[in-house]
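Visitor: Residues per chain are reported as follows:
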Amino acid sequence: MIESLKLPKDSMLGASIITVTGNTDVFVENYKGILEYSNELILLQGKKCKIELKGKRLNIAYYTNEDMKICGCIDSVRFL
Amino acid sequence: MLQVIRYWKGYLSIRVWGFSAERFINLCGNRNIMLWNIKNHGDYYTMCISLKSFYELKSITRKTGTRVVITGRYGLPFLSLRMKKRKIFVAGLVGSLLFWIWMAGFIWNIEIQGNYYVTGDVFADFLSESGIEPGMKKNKVDIEALEKAIRNEYNIITWTSARIEGTRLIIQVRENDLIGNEPEDPEERNADEGYDLVADKDGTVMGIITRSGVPRVSEGMEVKKGDVLVEGCIPIYNEDTTIKNYEYCRADADVVLRCRYEMTGELNEKYEKKVYTGRETRRSYLLVQGIKLQLPEWGEGFSESDVLNETEQLSVFGGYKLPVYYGKMCRREYVRENRIYTKEQVKEKFETKVQKFIQSLEEKGVQIIEKDVTINKTRGIWRLKVDFTADEKTGILQKITQEPLENGQEE
Numbered sequence: 001m002i003e004s005l006k007l008p009k010d011s012m013l014g015a016s017i018i019t020v021t022g023n024t025d026v027f028v029e030n031y032k033g034i035l036e037y038s039n040e041l042i043l044l045q046g047k048k049c050k051i052e053l054k055g056k057r058l059n060i061a062y063y064t065n066e067d068m069k070i071c072g073c074i075d076s077v078r079f080l
Numbered sequence: 001m002l003q004v005i006r007y008w009k010g011y012l013s014i015r016v017w018g019f020s021a022e023r024f025i026n027l028c029g030n031r032n033i034m035l036w037n038i039k040n041h042g043d044y045y046t047m048c049i050s051l052k053s054f055y056e057l058k059s060i061t062r063k064t065g066t067r068v069v070i071t072g073r074y075g076l077p078f079l080s081l082r083m084k085k086r087k088i089f090v091a092g093l094v095g096s097l098l099f100w101i102w103m104a105g106f107i108w109n110i111e112i113q114g115n116y117y118v119t120g121d122v123f124a125d126f127l128s129e130s131g132i133e134p135g136m137k138k139n140k141v142d143i144e145a146l147e148k149a150i151r152n153e154y155n156i157i158t159w160t161s162a163r164i165e166g167t168r169l170i171i172q173v174r175e176n177d178l179i180g181n182e183p184e185d186p187e188e189r190n191a192d193e194g195y196d197l198v199a200d201k202d203g204t205v206m207g208i209i210t211r212s213g214v215p216r217v218s219e220g221m222e223v224k225k226g227d228v229l230v231e232g233c234i235p236i237y238n239e240d241t242t243i244k245n246y247e248y249c250r251a252d253a254d255v256v257l258r259c260r261y262e263m264t265g266e267l268n269e270k271y272e273k274k275v276y277t278g279r280e281t282r283r284s285y286l287l288v289q290g291i292k293l294q295l296p297e298w299g300e301g302f303s304e305s306d307v308l309n310e311t312e313q314l315s316v317f318g319g320y321k322l323p324v325y326y327g328k329m330c331r332r333e334y335v336r337e338n339r340i341y342t343k344e345q346v347k348e349k350f351e352t353k354v355q356k357f358i359q360s361l362e363e364k365g366v367q368i369i370e371k372d373v374t375i376n377k378t379r380g381i382w383r384l385k386v387d388f389t390a391d392e393k394t395g396i397l398q399k400i401t402q403e404p405l406e407n408g409q410e411e
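Sequence order for the protein chains is A and B.
For the first sequence, position 49 matches number 49 in the numbering used here, and the numbering has no gaps at all.
For the second sequence, position 239 matches number 239 in the numbering used here, and the numbering has no gaps at all.
Just so you know, these hints were derived from the structure itself, not from any lab.
Among these hints, one or two may not hold up.
Stated by the list, open to error - Partial selection, computed: residues in chain B whose CB lies under 8 Å from chain A:
#1 I25
#2 I38
#3 N40
Unchecked claim - Pairwise CB distance ranges (calculated):
#4 W17(B) to N65(A): 21 to 29 Å
#5 N65(A) to F99(B): 48 to 56 Å
#6 K87(B) to V20(A): 50 to 58 Å
#7 R57(A) to K87(B): 42 to 50 Å
#8 R57(A) to L286(B): 54 to 62 Å
#9 R67(B) to L7(A): 39 to 47 Å
#10 E29(A) to N37(B): 15 to 23 Å
#11 W8(B) to E29(A): 26 to 34 Å
#12 L7(A) to N37(B): 30 to 38 Å
#13 C49(A) to W17(B): 27 to 35 Å
#14 W17(B) to L7(A): 41 to 49 Å
Claimed, not checked - With a cut-off of at most 27 Å between alpha-carbon atoms, the simulated DSSO-like pairs for lysine-lysine come out as follows:
#15 K39(B) to K54(A)
#16 K69(A) to K9(B)
#17 K356(B) to K274(B)
#18 K58(B) to K69(A)
Note that the Cβ used here is the ideal one computed from N, Cα and C, for glycine as well.
Okay, chain B solo, but in the shape it has when bound (with noise of 0.2 Å):
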């Protein structure tokens, strides 16, 4: 700390000689004048002082008969003197100073976040059709707009939030999730008519939960797909049991149905591999406004190679983006070899391929029971055939179209 404060202000290294240089350091300390580094040369000393106390060592000099020189000078107040001599360092420190305040003063990169449905290419689409650009001023980005703009762009954005950050302009968006679940409009569903709920496909009922409309199947039936399973229409009876007339509602009800999923799969037993020779050559590369800047390559090049590209933009301070990418580029060079997979290969990659189609399933709310796999081999290509039986919620809505048939009445 000391020494900050010492090369802040500045400080002299001297030398002192003459006839009572003891005197001078005495006289030095009495007059609170701060000295250090002080070393015996035999017939002269050195020191370091203060710049501002050197201007009081006139008086003591001529008291006590010694002579000081300077032989160093240090600190703040030389550096900007000797700046004075650099005048185009200077200039070209404060040039780019001012070069990266007026850099900082543009969009120089776009990020997007929380899209799945509305990808990244058609976001990028949209925003320079509305006028947002990487390399645009940071002032003119309207943020409230922007928000705006995306949300009656896209009915699924149910929110948006932007933001600058550095020169990066994030903007969050937050998409409806429910958007496969729910496929009639509100206007539709609040309709004064009856809907169905018909079966999606064939299989057997394993359990129903009506909370609305009239049952039509039960547990233990077998159902096709389009059939009714709970009819959206009830009807009112009179006291001597014959139709008033008809309620018509939204069928609503859990059924469950036990049905039949297959899987097929197909692998050739003989294959390609690609075998990496070790070989690879690597260059770096500068991209700047979509042009590669790269030596030319050299040397005998790889007959078959891969080539693997890692691009980076340049940033600085963390968030500020540069227009700049580097990047290198590997080549590595392979040959391709014929091979054959073995029993084990095969089943280990079937075996992936049936646990993917299961988590599929799964993810939709369908529930495996069973699963039967069977693998053959036939002229040289592996066959897998999986059959699952899988419980599942069905029922899809369906607008009735007819009156209910009179022969219901007599059951």
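So here's chain A without its partners, still in its complex pose (with noise of 0.2 Å):
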């Protein structure tokens, strides 16, 4: 239906767009909030799922309610 009608997945699934640059930064949209942060983990809960950051001195270079941007080494991106 969605796809047939063109329309943005992100906005009509709620589903969460992730950009990674390389694997020093991440972009994350659509999101309801943090529910964990360490140097080490950044557990992020989606609209449907929660999305699972690893990796190494992980920061939150910015952090509003529409998108925030986490800078360090990234190991891994992990739907749960």
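Two independent chains are provided; combine them into the complex using the hints.
Guide: Laid out in structure tokens, this is it:
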């Protein structure tokens, strides 16, 4: 239905958008909040599922209601 | 750009700790409070927050049970707070600003452009006489009156333009280039009198084109200085070829005269040459109101030396000139050595001299046809002799003072 109407999936299905630049920068859009934050792990609550980012020296460069940017050495991105 | 806005509005770095710091971040997000540089330090977090948003944190901290302390204040709002403690510094800053503005209200430099006959010194004297001097107030300068005064003072100046640029007064003038070509004043020219065209030097006439007047010479004729080339009175004949009367006019003709120029030069074979030893001292100085401020010279002086001064006027922002000059003085030691010119050197020296002479002739409209150069040496002195054969236009106007001779009729 959504595909046939060519509507954006993120707003319709509530899917998160994750843009990974190399293994150093991650942009995340469409999320509800942070569940956990430490230097090695960031756990985000998406609209449908959780997003788990693992890495080293993880920092949140900025955080707003719409989007956030995470810097550090990213090892993995997982959907739980 | 974002950083500039942040700095402008002011921001804080804070430390957050307590039961649920993640919830604190989430709540900030929900209330559209932007956080940046969030770092986890184990049992506490540090982050940055804008000054305005900081005041909204109270309810969040109460809700989440976290504690917040400020660790750093950045930005303009805090700068002004800090400045309150440095009153003298601020006063100095404001004072210097006011000083600059006040100083910018004066003329510090007068520049004259386009003057050739009227030299800069003469101009400067005239300006100071009429009250225009460096250091005067800008609004005291009456541009219109100044332009008029310049034109009235010097007839040779046909056009003037003065303008103030920064703290400089720039005067541009245009001089009458034709000054040398029109020796007589217009009144005389309009008078109903005749003028002859006379030769101003000896030579052979190579060509003559008469526009008005009666030609007295023809091609190939030798003339002496002062000979009449074209007569300014035209005889009007009766039917029986007797002269009725004379009509006077201004003789006008192009007369090309072949004449000779001679040029001589001498050069002593021996000369003294300054040979720089390479030793030099450099010192800087400051020039204020004609007083030179300089450290005294120390060490052994040079027995013979050249002094080279480079002075520059202190200026700020390009146009604003200040009455302070600074410069460098360079003293270079030399020793005198006796030398003898070689033949090639002599030739070269004479050659440049001849070229200069030729150039000066060509500027006068003289065309060189032939040149004969002889260089010889007698008793240690080189002598140069150059004979030029040249074509040039001749003829100067001379008022007719006497009636033409009657014998002209019979011819």
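Visitor: Now tell me, hint by hint, if it's right for this structure.
Guide: Now for the hints, and whether the structure bears them out:
1. I25: 5 Å, holds
2. I38: 4 Å, holds
3. N40: 5 Å, holds
4. W17(B) to N65(A): 21 to 29 Å: Between W17(B) and N65(A), where Cβ atoms are some 23 Å apart, the hint holds.
5. N65(A) to F99(B): 48 to 56 Å: 51 Å, holds
6. K87(B) to V20(A): 50 to 58 Å: 53 Å, holds
7. R57(A) to K87(B): 42 to 50 Å: 45 Å, holds
8. R57(A) to L286(B): 54 to 62 Å: 56 Å, holds
9. R67(B) to L7(A): 39 to 47 Å: 45 Å, holds
10. E29(A) to N37(B): 15 to 23 Å: About 20 Å separates the Cβ atoms of E29(A) and N37(B), which means 15 to 23 Å holds.
11. W8(B) to E29(A): 26 to 34 Å: With a Cβ separation near 28 Å, W8(B) and E29(A) satisfy 26 to 34 Å, so the hint holds.
12. L7(A) to N37(B): 30 to 38 Å: The hinted range 30 to 38 Å holds for L7(A) and N37(B), with Cβ atoms some 36 Å apart.
13. C49(A) to W17(B): 27 to 35 Å: 30 Å, holds
14. W17(B) to L7(A): 41 to 49 Å: Holds - the Cβ-Cβ distance for W17(B) and L7(A), about 44 Å, lies within 41 to 49 Å.
15. K39(B) to K54(A): 15 Å, holds
16. K69(A) to K9(B): 22 Å, holds
17. K356(B) to K274(B): Holds. K356(B) to K274(B) sits at ~25 Å (cutoff 27 Å).
18. K58(B) to K69(A): Judged against 27 Å, a Cα distance of about 25 Å means the pair holds.
Hint violations for this structure: none, all hints satisfied.
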